[in-house]
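K.L.:
Sequence:
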Amino acid sequence: DDTGVAVVRSDGVVLGEAIASQAALHEEFGGVFPTVARDAHKAELGRVIELALERADLSSVADVDAVAVTVGPGLEICLRVGCEQAKALAIEHDKPFVGVHHLE
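By this note's numbering, the letter at position 86 of the sequence shown is numbered 78, and the numbering carries on one by one without gaps.
Keep in mind the hints are simulated off the structure, nothing from the lab.
Please note that a few of the clues may not be correct.
[To be verified] Taking lysine to aspartate or glutamate and the EDC-like style, the derived pairs with C-alpha atoms no more than 16 angstroms apart in a straight line are:
| no. | residue 1 | residue 2 |
| --- | --- | --- |
| 1 | LYS34 | ASP(-7) |
| 2 | LYS87 | ASP55 |
| 3 | LYS79 | GLU96 |
| 4 | LYS87 | GLU68 |
| 5 | LYS34 | GLU76 |
| 6 | LYS34 | GLU68 |
| 7 | LYS34 | GLU96 |
| 8 | LYS79 | ASP57 |
My request is simple: use the sequences and hints to build the entire structure.
P.N.:
This is the structure:
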């Protein structure tokens, strides 16, 4: 399980992206341990958002047109972290909120 954020133009061009790997955290369990993954998402998400914006040469979420987030498939307790953060950002910056099925 990783924490990933991308700033994507409407034509699909990635303007900036960032990822925080959780591989080392889960190695001892032989797979993803849900509460460890959730806590890692909570700890890293803000930093990863800021880094993706920086790499896209944007200063704030206010500079994007919408906020999208993975809503499935996946571990609900982990997806909830991203959904709650995305919803808060969409509300704070008066942006559309878009739920995405990341395999479609």
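K.L.:
Are the hints correct? Go through all of them and say.
P.N.:
Verification of the supplied hints:
In summary, the hint linking LYS34 to ASP(-7) is supported, as the alpha carbons are separated by about 13 angstroms, within the 16 angstroms threshold. Pair hint LYS87 plus ASP55 holds up; C-alpha atoms about 10 angstroms apart against a cutoff of 16 angstroms. Only pairs whose Cα atoms come within 16 angstroms are accepted, and LYS79 paired with GLU96 is rejected, the gap being roughly 21 angstroms. For the proposed pair LYS87 and GLU68, the alpha carbon gap of about 24 angstroms is over 16 angstroms, so the pair is violated.
Only pairs whose Cα atoms come within 16 angstroms are accepted, and LYS34 paired with GLU76 is accepted, the gap being roughly 10 angstroms. For the suggested pair LYS34 and GLU68, the alpha carbons sit about 14 angstroms apart, so the restraint of at most 16 angstroms is met. Simply put, LYS34 and GLU96 have alpha-carbon atoms about 25 angstroms apart, too far for the 16 angstroms limit, and the pair is violated. About 14 angstroms separates the Cα atoms of LYS79 and ASP57, which keeps this hinted pair within 16 angstroms; it holds.
Checked against the numbered hints above, the structure breaks hints 3, 4, 7 and satisfies the rest.
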